[in-house]
Amino acid sequence: MKLKRKRLITDVLIIGGGTAGCFCAMTIAENSNLDVMIVEKAHIKRSGCLAAGVNALNAYIAPNETPESFVDYVKNDSEGIIREDLVYSIAKRLNRVIKRIERLGLPILKDQNGNYVQRGKRSIKINGENIKPILAEAVLTQDRITVLNKVNMIDYLKKEDKIIGGLGFALEENVVYEIYAKAVICATGGASGIYRPNNPEFSKHKMWYCPFNTGAGYAMGIRAGAEMTTFEMRFIALRCKDTIAPTGTIAQGIETYQVNSKGEPYVNKYGESSTATRLYATVKENEIGNGPCFLKTKGIKEEHEKELFKAYLNMAPSQTLKWIETNSGPASENVEIEGTEPYIVGGHTGSGYWVDTNRKTTLKGLYAIGDVSGGSPKKYVTGCFAEGEIAAFSVIEYVQDRQIQMLEEDEVETKLKEINRFFKNSDSPYSIGEIESAMQKIMDEYAGGISARYGYNEAKLKVADERIDQLFKLCYQLKATDMHELLFIYEILDRLYICKVLIQHLLARRETRWKAYQENLDYPQKDDNKFLKYVNSRYENGKIKILFRDLVGRDEFYEHSNQKR
Amino acid sequence: MNFMSIRIKKDKCISCGKCLKVCPGNLLYKDEDGKAFIRYPEECWGCTACLKECPAEAIQYYLGTDIGGQGGYLYISRDKEYLNWHIVDKNGRKKTIQINKQESNKY
Ligand SMILES: Cc1cc2nc3c(=O)[nH]c(=O)nc-3n(C[C@H](O)[C@H](O)[C@H](O)COP(=O)(O)OP(=O)(O)OC[C@H]3O[C@@H](n4cnc5c(N)ncnc54)[C@H](O)[C@@H]3O)c2cc1C
Ligand code: SF4
Ligand code: SF4
Numbered sequence: 001m002k003l004k005r006k007r008l009i010t011d012v013l014i015i016g017g018g019t020a021g022c023f024c025a026m027t028i029a030e031n032s033n034l035d036v037m038i039v040e041k042a043h044i045k046r047s048g049c050l051a052a053g054v055n056a057l058n059a060y061i062a063p064n065e066t067p068e069s070f071v072d073y074v075k076n077d078s079e080g081i082i083r084e085d086l087v088y089s090i091a092k093r094l095n096r097v098i099k100r101i102e103r104l105g106l107p108i109l110k111d112q113n114g115n116y117v118q119r120g121k122r123s124i125k126i127n128g129e130n131i132k133p134i135l136a137e138a139v140l141t142q143d144r145i146t147v148l149n150k151v152n153m154i155d156y157l158k159k160e161d162k163i164i165g166g167l168g169f170a171l172e173e174n175v176v177y178e179i180y181a182k183a184v185i186c187a188t189g190g191a192s193g194i195y196r197p198n199n200p201e202f203s204k205h206k207m208w209y210c211p212f213n214t215g216a217g218y219a220m221g222i223r224a225g226a227e228m229t230t231f232e233m234r235f236i237a238l239r240c241k242d243t244i245a246p247t248g249t250i251a252q253g254i255e256t257y258q259v260n261s262k263g264e265p266y267v268n269k270y271g272e273s274s275t276a277t278r279l280y281a282t283v284k285e286n287e288i289g290n291g292p293c294f295l296k297t298k299g300i301k302e303e304h305e306k307e308l309f310k311a312y313l314n315m316a317p318s319q320t321l322k323w324i325e326t327n328s329g330p331a332s333e334n335v336e337i338e339g340t341e342p343y344i345v346g347g348h349t350g351s352g353y354w355v356d357t358n359r360k361t362t363l364k365g366l367y368a369i370g371d372v373s374g375g376s377p378k379k380y381v382t383g384c385f386a387e388g389e390i391a392a393f394s395v396i397e398y399v400q401d402r403q404i405q406m407l408e409e410d411e412v413e414t415k416l417k418e419i420n421r422f423f424k425n426s427d428s429p430y431s432i433g434e435i436e437s438a439m440q441k442i443m444d445e446y447a448g449g450i451s452a453r454y455g456y457n458e459a460k461l462k463v464a465d466e467r468i469d470q471l472f473k474l475c476y477q478l479k480a481t482d483m484h485e486l487l488f489i490y491e492i493l494d495r496l497y498i499c500k501v502l503i504q505h506l507l508a509r510r511e512t513r514w515k516a517y518q519e520n521l522d523y524p525q526k527d528d529n530k531f532l533k534y535v536n537s538r539y540e541n542g543k544i545k546i547l548f549r550d551l552v553g554r555d556e557f558y559e560h561s562n563q564k565r
Numbered sequence: 001m002n003f004m005s006i007r008i009k010k011d012k013c014i015s016c017g018k019c020l021k022v023c024p025g026n027l028l029y030k031d032e033d034g035k036a037f038i039r040y041p042e043e044c045w046g047c048t049a050c051l052k053e054c055p056a057e058a059i060q061y062y063l064g065t066d067i068g069g070q071g072g073y074l075y076i077s078r079d080k081e082y083l084n085w086h087i088v089d090k091n092g093r094k095k096t097i098q099i100n101k102q103e104s105n106k107y
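From first to last, the protein sequence lines stand for chains A and B.
Number 403 in this note's numbering belongs to position 403 of the first sequence; there are no gaps in the numbering.
Number 34 in this note's numbering belongs to position 34 of the second sequence; there are no gaps in the numbering.
Warning: the hint list may mix true and false statements.
[Said to hold, decoys possible] So, partial list: chain A residues that the calculated Cβ filter (under 7 Å) puts toward chain B: (1) Lys45; (2) Ser47; (3) Ala51; (4) Asp72; (5) Asn76; (6) Glu79; (7) Gly80; (8) Leu109; (9) Lys125; (10) Ile324.
Note that these hints are calculated values from the structure, not bench results.
From the three backbone atoms N, C-alpha and C, an ideal C-beta is built for every residue, glycine too.
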């Protein structure tokens, strides 16, 4: 098999047609006459995190809150390590983007006075089952947006220190796309499948985060030398056992609490309740023999149960199927909970590209938005929308008077050869699936996965680092027989790059900043004197270089030093 | 053959290809007869996008036994702004939950 080349040109290339990517494309189209191309590995109608639906808009400024109080909350929940400028810029836009998605057709619950009904302090209730088709529809009505579905991007095209486009391959034809643009926006979401999952056997993809977001955007950035931040702040979710369905719907929807097998509430034993403490407390209770742990739902009214059945069908249908097919339900049984494998997700925690206040990365011509962009935890859906808008307005200005640049013929041919080698490789001793499992097992055991109760130390990380290097070699020997296998190979390669960077970040933070998310057993205490800083990194000449950077305040406008005007 | 993700009923499939299009993992393909099938069942996320898209109600979703599946399954029928979720338990008893797409969750 040999792949053909196709060259395309556009003004703005958006990689990943998910939450942030679609919203950004719409904003550019509505506010300029630029041509926009979205390249999406699946199909924008149901791709990415929103495929099954979401349950609430989790970032919202309630009438008794302010953008400032929102930033305070995120900062406190994240132990001080956030980019306040980024979170603040999101906070100021949240309610506006909510109005926009409502106008596009998203049903939001309102009271008699027409006010949004809250779920907890910072969420509002919606029917999010259809949110992705609504977004896709809005994108498709814009003539200036072209969507290339079923094309998986694998690398940026770079000239000197500037990103001039992207390279990817189609899944339904034997074609490699070489796409040039005046600016590129990365919106590929976060990364799952790095660690061994909760259900490692047949149901391995019954996980919380989208299993098809395998961190391509991070890996492309790492390879191109972009600066990354806060990878060590992994996100580990507290979820319904087995189905790994979200718990907020129950915890905030019916305002219940967590109990251990003896029926005792336990979270407060482990400190002030925060997203990380609720998880950590559950891990610890299991460790000392008080498991299993539950959300206390037994005894709720039948009408509440019915509403929960519906709410889960609109977001994580496995949970309702499980309740009904086992003749059970939250009214008759408490809901068991567990921690997931660690994910790298900039929309929940802070891992991702190091960006300026406009979401420009350290590589010229490249922006990053949504879960792939770092420094601002707790973005969720509406924060991703807000970042889509922020980048859109900046990009419209940035591309004025810029020209398309292209690579030399031989440079493109070299890249094509790198892809084609996977078809030419002779049979590899290991299968694609075996390499994936090996990676997940190494990370699980040596880099703080579920089996290690999320803790790690330097000695173990060093083993992980060596073994990941071995897997790189084996991965390059893998053979693809069709486009889907080629996709699987690249999905592993990308995650191996992420593992390498993640391990260095975990090593660099010689303290324990976040319970469970980043628990360095060599340094079990928080050390504000030394580590009230961002851990950043850059991949240079095959090595990962760690940089510590000072915290950025909420009223600062942060610019990269190489891009100051 | 186990059905511990989705199962596509060949006799019902009208080969429209819509499920192939929307699967976020690109897991669905057509066989020699032009009927849809899941090529990588263990890669399925369980998002049910394919079920919602299928005009022939040909797709059923099963939980793996490793996560508590007992042989029950769900399928979806559409009726204008409604989605009808039919859940059939291991004894063949069916429960239908109707959801209006325009109506917000209470939780
Ligand atoms: C199950 C679940 C439930 C959630 N519930 C809520 C909720 O109730 N409320 C809330 O506010 N937030 C919720 N979130 C969080 C929220 O959905 C995410 O933070 C947000 O959707 C992320 O947006 P994104 O654009 O970064 O990623 P996505 O929307 O996932 O978009 C990324 C896109 O990039 C594509 N892509 C990936 N790699 C490539 C590649 N190499 N080439 C081309 N395309 C590629 C993907 O297919 C995908 O379409 C939930 C998340 C999950 C997973
Ligand atoms: S349920 Fe979702 S992931 Fe599974 S086959 Fe259908 S569309 Fe694909
Ligand atoms: S959507 Fe339904 S009818 Fe159409 S190809 Fe898929 S299974 Fe067959």
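To see whether the hints hold, each was checked on the structure:
no., hint, result
1, Lys45, "holds, 5 Å"
2, Ser47, "holds, 5 Å"
3, Ala51, "holds, 4 Å"
4, Asp72, "violated, 27 Å"
5, Asn76, "violated, 26 Å"
6, Glu79, "violated, 29 Å"
7, Gly80, "violated, 32 Å"
8, Leu109, "holds, 4 Å"
9, Lys125, "holds, 5 Å"
10, Ile324, "holds, 4 Å"
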